[in-house]
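Those protein sequence lines, which keep their order, are chains Z and R.
If you read the first sequence in the numbering used here, its first letter stands for residue 1, the second for the next number, and so on.
If you read the second sequence in the numbering used here, its first letter stands for residue 1, the second for the next number, and so on.
Just so you know, these hints were derived from the structure itself, not from any lab.
To give an idea of the chain R side of the interface with chain Z (calculated C-beta under 7 Å), a few residues:
{"hint": "1", "residue": "75"}
{"hint": "2", "residue": "77"}
{"hint": "3", "residue": "79"}
{"hint": "4", "residue": "107"}
{"hint": "5", "residue": "150"}
{"hint": "6", "residue": "164"}
{"hint": "7", "residue": "227"}
{"hint": "8", "residue": "234"}
{"hint": "9", "residue": "237"}
{"hint": "10", "residue": "243"}
{"hint": "11", "residue": "275"}
{"hint": "12", "residue": "277"}
{"hint": "13", "residue": "278"}
{"hint": "14", "residue": "283"}
{"hint": "15", "residue": "289"}
{"hint": "16", "residue": "295"}
Short, incomplete list of chain Z residues facing chain R, as computed with Cβ under 7 Å:
{"hint": "17", "residue": "76"}
{"hint": "18", "residue": "230"}
{"hint": "19", "residue": "242"}
Just so you know, even glycine gets a beta-carbon here, dropped at the ideal spot from N, CA and C.
2 protein chains.
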Amino acid sequence: MPVLSLQKSEELAAAALCRCRTSEANAAVVANALVTAEAEGLVSHGLLRLPIYAGQTRNGKIDGCAVPEVSFPRAALAAVDAKNGFAYPALNLAAQFLPRIAREYGIAAAGIRRSHHCGVAGHHVRRLAESGMLAILFANAPAAMAPWGGNRAVFGTDPVAFACPQPGRDPIVVDLSLSKVARGSILSAKRKGVPIPEGWALDPEGRPTTDPDAAMAGTMVPLGDAKGTALALMAELLAAGLTGANYAWEASSFLDAEGPPPGTGQLIIAIDSGAFGASTAHLAKIAQEIEEQPGARLPGARRSEALKRAGREGLLVSDVLIAEIQAL
Amino acid sequence: MPVLSLQKSEELAAAALCRCRTSEANAAVVANALVTAEAEGLVSHGLLRLPIYAGQTRNGKIDGCAVPEVSFPRAALAAVDAKNGFAYPALNLAAQFLPRIAREYGIAAAGIRRSHHCGVAGHHVRRLAESGMLAILFANAPAAMAPWGGNRAVFGTDPVAFACPQPGRDPIVVDLSLSKVARGSILSAKRKGVPIPEGWALDPEGRPTTDPDAAMAGTMVPLGDAKGTALALMAELLAAGLTGANYAWEASSFLDAEGPPPGTGQLIIAIDSGAFGASTAHLAKIAQEIEEQPGARLPGARRSEALKRAGREGLLVSDVLIAEIQAL
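The shape of chain Z in the complex, shown without the other chains (with noise of 0.2 Å):
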């Protein structure tokens, strides 16, 4: 398997969308979120999408050159029409606004509507936490997970992500699918043509599962159970109810070229980290209790940890996936 840097990496992913109907400009941002994913270990997220990704701009699936809008509803708060393009575009023109509308009024929110898949849900918070806020994200995905006691899918995998800064350090990053296991896990797995362990998915008859096709025709277990579908149930109504988005089961795949664009939602919130007045050493307090626990981590350690790698060593992409991408 060649090892490429992660610069090579990103333009070769750009260049083989630029082929795929997508303009320059979303195609290089497009790529940086791909080879990101990738670089801190997140295949699932990874280069893998690029072919999904370029299928969908081919069929319309996904405009891959629309150009999302702003507006402002009210004084805090971002309204953001992805118009059916990736939801990269429409995430970072979010980000640009919501660290100078929070620092005025202290918390804002933005909206996104008509948008995609969000790929790794923590790189959005983690860069309003290098701007100084505390940020969560809530987005919604194509229904993957049943409401408790029910056996029609409802909810997707929904991630939810946090992040706060840290003085003279990385922002703590909290990343997670409300589904035991994220659903690229499992598409990870059908890949590789590998069993799934038990207890991550049920069958399409909700009888647990350990092959991957059965899996990703059935539906996912949700963390914690009831309570994780309650979570679940919230991250839709913020992602998708309250912003006008689609809910999950209005959603057409993220991993197909068939059917309408999913138009899916996320919401994000940033509050100004010291706008209540607390220090930044007492943001820091709780790393310093954590990291002293023999085997305890911050979570999102690893991946920091795993990128700055990549970026020294460069990255190992298998000679199958470079075959697929150059196709394109």
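Chain Z is already provided as a structure; the job is to place chain R on it using the hints.
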């Protein structure tokens, strides 16, 4: 066991608190919160807390006569100092201001410091939803959960609550603690002298236990394992880090009369449900999608029904508890 009307129960509880260094106004607010919890079937947050609270007001761990104060550090933020009194009057004060700020700016937040046990977290978001807001609450509680991979408690069994208005019916209310079960459920088993199910808690050496005493001395199992501790880290940083309140491990117990005031915190975020232009019909769609599945229910529905029933039929209160309250 005698059946008391809700009003009679509140009068009994308020009168008892008034005899324990608590102002009439605060006693009425606390009594209402506890009786409502009891009527909803949430006995672990109901009247069994009254003798515990009373022990704390008598010892000065709770200032029963505190009058919370609000300030507005930024246009869309309210900062409430609970002054080491009960949390309930401070949360009421926040709820008075949040809807009007959120209507003006689209979003608003209230941070509460020097606070105490927030009781049923869902109550505080439900009334904001009744004013047309989507609302989220994060609260922290004394240390009860270890970071993933660690063995010393750093996080509380922190509650997260969410509510969303629904046209022509009660709001949807999500209310959960980030432990597998609420600590109150263990307290309740301890009082009844019954064992707890396996998987709820660990003893002080980190071993699984079914003994409620060992569980109270040990740590709680987080919901969804590592993901639960990541969510608890988020809750601590929002409820305590941002607001300047004590973190879980800095807070004294909610359950005994020893030590200084716990000084925990709460953060409530309110967003005007119509601010992004989505219709109330759009907000209502997901309830329909869930309720048309046999066996599935909306979170909060059971509590609502129990409360209405108790309003009609009264509340069954144990003789022991009544004697305990009257003895105060």
